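Line by line, the protein sequences give chains H and Y. Just so we're aligned, residue 13 is where the first sequence starts under this note's numbering, counting upward by one. Just so we're aligned, residue 248 is where the second sequence starts under this note's numbering, counting upward by one.
Derived by calculation from the structure, the hints in this document are not laboratory data. Check each hint, because a few of them may be wrong.
Claimed, not checked - Quick list of simulated restraints, FRET-style, between CB atoms: (1) Y:Met361 / H:Val33: 23 to 31 Å; (2) H:Arg272 / Y:Asn292: 50 to 58 Å; (3) Y:His400 / H:Gln195: 46 to 54 Å; (4) H:Val190 / Y:Gly409: 50 to 58 Å; (5) H:Val316 / Y:Asn292: 51 to 59 Å; (6) Y:Thr366 / H:Gly46: 26 to 34 Å.
Source: prediction; values computed, not measured. All C-beta atoms in this analysis are idealised placements derived from N, C-alpha and C, irrespective of residue type, glycine included.
Each chain, letter by letter, is given below.
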Amino acid sequence: MSADPLPPQTLPQWLVHNAAVRPDEVAQRHKRDGIWQEFSWADVRDEVRELALGLRARGVQRGQTVVLMSENRPELYWAEWAAQAIGAKVVALYPDATETEVDYVVQDAQAVCVFAEDQEQVDKVLPLMSRHTGLHTVVWWESGGLWTYRQEGLLGWDAFKAPARPVDAEAAAWFEQVIAEGQSQDIALLLYTSGTTGAPKGVITTHASLLHNADLIAQSVQLPQGCEYLSYIPLSWATEQWVGVTLGLIRPMKVSFAERPDQIQEAIRELACEMVFFGPRQWESLAARVHTRMLDASPWRQRVVDWGLRIGRLARAEQMDTTQRPWWVRVLLPLADALVLRPLRDQLGLQRAKIAFTGGAAVAPDIFRLFAAMGVMLRNVYGCSEFGLVTVHQGKQANPETIGQLVLLASAWGEPMQWRLAPAGGLELRGGAGFAGYWGKPEKSAEKMNGEWFQTGDAVGQGPTETELIYFDRVEHMSSLQGGHTFSKQFIEVRLRFSPYIREVLVVGNPSRERVTALVNIDGDVFGRWAERKGVSFTTFTDLSQRPEVLAQVASEIAQVNRTLPEAAHITHFVNLPKELDADEGELTRTRKLKRDFIEQRYGGLIEAMYADQTQTAIEIPIRYQDGRSGVLRADVTVGRISAQRISEN
Amino acid sequence: MTEAQRHSPMLEARDITLKFGGVTALANVSIDIGHQELVALIGPNGAGKSSLLNVLSGFYRSSEGDVRFEGQDIGRWPVHRVAQAGLARTFQGTHLLPHMSVLDNILVGRYMHMKSSLTTAFFYYPFAHREELAHRAVAEEILGFLELEHLRHHPVGTLGYGMRKRVDLGRALAMEPRMLLLDEPMAGMNVEEKEDLARFILDIRESRQIPVVLVEHDMGVVMDIADRVIVLNFGRKIADASPADVQQDEQVIAAYLGVHA
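So here's chain H without its partners, still in its complex pose:
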């Protein structure tokens, strides 16, 4: 890149650049009529040019707003680039946005033109045309159900592009000219926040910010050129704007689109994507698919797969930590790969997956390990639409406990990011592409700033190395202890629940306490089988929960999690509840969320015993049997201690 005088400064400039440098290379693919249809960079440039001319014909001007409402498909990308080509900014909405949400955004962003995929989307927009007089054009590209729609300003894809055809010399020159006028600090997008607190806010995103963040991703994971990528993350997320839209242009990548939103899994397999980006739920459901398929398989096959995965786990353990692999594993790995791991990867469409991202929430370490055993290393990504990419797992190791290393790199569009931890644990950033503010809400933008530092509002801690971060929670959800130390109950509970032995857990600690403790609801089924294997005898759940062997196992699970926590947030004491938490008794909601206050009150005696450092206590709790009778459960409960010694041992 150093040889180039100046790289293109906007997305449309990159498009024109690609169309000039590699006109015949495949840029995009869309499965239509059961066949992958290809579009070269020159094809895409021509489509975008016709659309830009269509926008000109409808009187859309530089600085105005164009809204996109569609599932991911090439036309959606083209419409975005066409709007940006003429200097307009883009708002992409979720395809399932409600009419109220669309109404709000059209109003807030002062939209003049909407690209709506089909009848479903058009139906949401048409009523708004009379309410917002600025909105004068709605363009659709799926005619289904729209045959009899007649309204001023509602146009089909072809009718919209008709004024541009054929493209004459004047039009082509205008297109080149208007794109050349674009600057890196022009607004490319407004990325609307989800609006969980108050009304959604449109994050101003410049071309420089998109290009900077995309370049950081490419640099931090060494993304190969021409990489296969399937676009299905909604364009309303910063992630897809960085990866599919921008990285697709500057790397460039081959970006493909599935035939229907429910065909993503099949499409990934057909394309054998080299980069995949799934949320934690999707990785879990892939893992669950492996498990459920195996349950149907014959016993000897199950044994072969288990063996293959075990070899894979041992061989790839060093991706998770620094354990050396035994020599015999090296010998057996090729066989395990041929027999088990490769077919598994192939079935899941991960055969060529070089870069596998996850983000948004924590993924259970077991899931990380399963995919690592198959030879697919998951990398956590963390960032925010306001500031951009913050951390990603770089290099050859990915620790499932962390959200990756801080990306402290420079690009042609931004200087390296700087970071610091605020006293309350909140992460603050500056540098990078920077935060350009919320659209039309300067007071809200100012609230996010602390001097020249941008406050992410996320509480993080430092992991094994200084620049590798652990994500705890939003700052406002953090709890504090008597000494002023803060910790996240949610974070600890989620990690403890990853253990197969722990079904539910409630973490206790507040400003009047100096330590963190936990009420544990063990998994009776798992421990039951475990006890059988270990030859531990037990009678009831209550009995099982108080067996010393069980307490020791739970203690070691907690000690594992303690390792990832700052010293002050370590769980020091725990008790195993003598009965299961039950929604019928009001301890859980129907969706199995903990009713914190109720449980803390009901098991108050146990909590007091933990803080009084007793070794044993008796408890009486009224219970209701399934047949409606009520009774009292009396039990002696042992208080388990997690010694500092044990932590250092691990």
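With chain H held as given, fit chain Y onto it using these hints.
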């Protein structure tokens, strides 16, 4: 539908009488179907609904009376000629090829539009190749319309009943009919499948602007989507009016409730 179109019906059946030995399945039934009309044919079991549909589509020969489609007397035509004239139908239950894919089943509906012979197709002449592509394009359009793309390569036999009925409809559409006759398309479907199919039927009429005749038992569906309802009872037509009027008709109420009017 408008009066003007009633005056020039697309399909006219006059005084149709159909006898099986001593049993009279249809007695002097006359019906007209106008352009773009959605007509429902209802009646108690054994009323002669399917028989009438079979006469219209040429599967049965009526003992008396004649059937005119766009002015031509098709009453004595063989089935394939009726189909070529543009009358497509679906069957009660499904008559599909269970081991063939959804796509192939729909392509079967293109048969009458295919021109290549066995020889030209076998040697894959350029024109045979082009024709193949054209038919595939039509079939794909139908797959898209009926939202069956994801099942394209699945054998029909592995699909649920509701989906098979949808494929059956797709095959009828592949014939590019000028009029569509549907024999109990929603029988055995759950509510959601019925709603989907009702939507497709309305969309077919809207996008292709062809009349649809529908034999159906689900009164809710009939009253919701039909322009006109024809009621048969013991082989006779007892009502022919708008859904609202038919619901008020004493003869119809009597036929359904078994009261002697």
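Taking the hints in turn, this is what the structure says about them:
1. Y:Met361 / H:Val33: 23 to 31 Å: Violated, at about 46 Å.
2. H:Arg272 / Y:Asn292: 50 to 58 Å: For Y:Asn292 against H:Arg272, whose Cβ atoms are near 40 Å apart, the range 50 to 58 Å is violated.
3. Y:His400 / H:Gln195: 46 to 54 Å: 49 Å, holds
4. H:Val190 / Y:Gly409: 50 to 58 Å: 51 Å, holds
5. H:Val316 / Y:Asn292: 51 to 59 Å: Distance hint for H:Val316, Y:Asn292 holds at roughly 57 Å.
6. Y:Thr366 / H:Gly46: 26 to 34 Å: 28 Å, holds
Consistency with the previously given hints fails for numbers 1 and 2, ordered from lowest to highest.
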